[in-house]
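Dock chain B against chain A, hints included.
Keeping their order, the protein sequence lines are chains A and B.
Under this note's numbering, the first residue of the first sequence carries the number 1, and numbering increases by one thereafter.
Under this note's numbering, the first residue of the second sequence carries the number 1, and numbering increases by one thereafter.
Keep in mind the hints are simulated off the structure, nothing from the lab.
Please note that the accuracy of each hint is not assured.
Below, simulated BS3-like cross-link-like pairs (lysine-lysine); rule was C-alpha separation at most 27 Å, straight line [said to hold, decoys possible]:
id : chain 1 : residue 1 : chain 2 : residue 2
1  : A       : K22       : A       : K37
2  : A       : K42       : B       : K3
3  : B       : K71       : A       : K42
4  : B       : K55       : A       : K42
5  : A       : K37       : B       : K3
6  : B       : K70       : A       : K42
7  : B       : K18       : B       : K57
8  : B       : K70       : B       : K55
9  : A       : K37       : B       : K57
10 : B       : K18       : B       : K70
11 : A       : K42       : A       : K68
12 : B       : K71       : B       : K57
13 : A       : K58       : B       : K71
14 : A       : K42       : B       : K18
15 : A       : K42       : B       : K13
16 : A       : K68       : A       : K58
17 : A       : K57       : A       : K37
18 : B       : K57       : A       : K71
These numbers were taken from a predicted model, which means no experiment stands behind them.
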Amino acid sequence: GENVEQHPSTLSVQEGDSAVIKCTYSDSASNYFPWYKQELGKGPQLIIDIRSNVGEKKDQRIAVTLNKTAKHFSLHITETQPEDSAVYFCAASSAKAAGNKLTFGGGTRVLVKP
Amino acid sequence: DVKVTQSSRYLVKRTGEKVFLECVQDMDHENMFWYRQDPGLGLRLIYFSYDVKMKEKGDIPEGYSVSREKKERFSLILESASTNQTSMYLCASSPLVYSPLHFGNGTRLTVT
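Bound conformation, chain A alone:
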């Protein structure tokens, strides 16, 4: 089955700096890559996603890049703000997977220091 690895596990940045989280996946058939943000006491919430026919997607201060050849994708947060402090999860899904089965990475705890 799919295996998704995520790095780093913790990330501390100064407010205004950029943050980058990287994920690798094992199944070359994977074609959907969402990112979720989990704030304290809440369930994860989708912040951005990318499909395999696109190399990059941007939404205001967040962007995701995908390298299918190398089987890795990254989340970039620019101009970080204290409210960006949360746990972020990457995930991957294959067209072969029944339903909407996602495999998640281990998570990255991001702390933005004011």
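Quick look at chain B alone, frame taken from chain A:
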């Protein structure tokens, strides 16, 4: 807004007890999921269902079962709770393949 409601925020159960975790979604979604969240391991899929009375094993189904008698409700059952099932349990739903998962706020289960 889609709402996924998990019946309990915190649960404390004893080893060997039968435990029911309930999840209800209000948006007529086809797919429902139960994940387990542990530090450093991310979210691991226990079971999912893509239709009423249908269920599929996820990556870690051992020790768990599920029930989906109605479209909006998906229950996770721990037949005989064990201490290694102490964890955060997250329910999610989605309408279609490649559509966002909508998560509940989780149930933190402690088995003593």
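Taking the numbered hints from earlier one at a time, note which ones the structure violates and give those numbers from smallest to largest.
-> 11, 13
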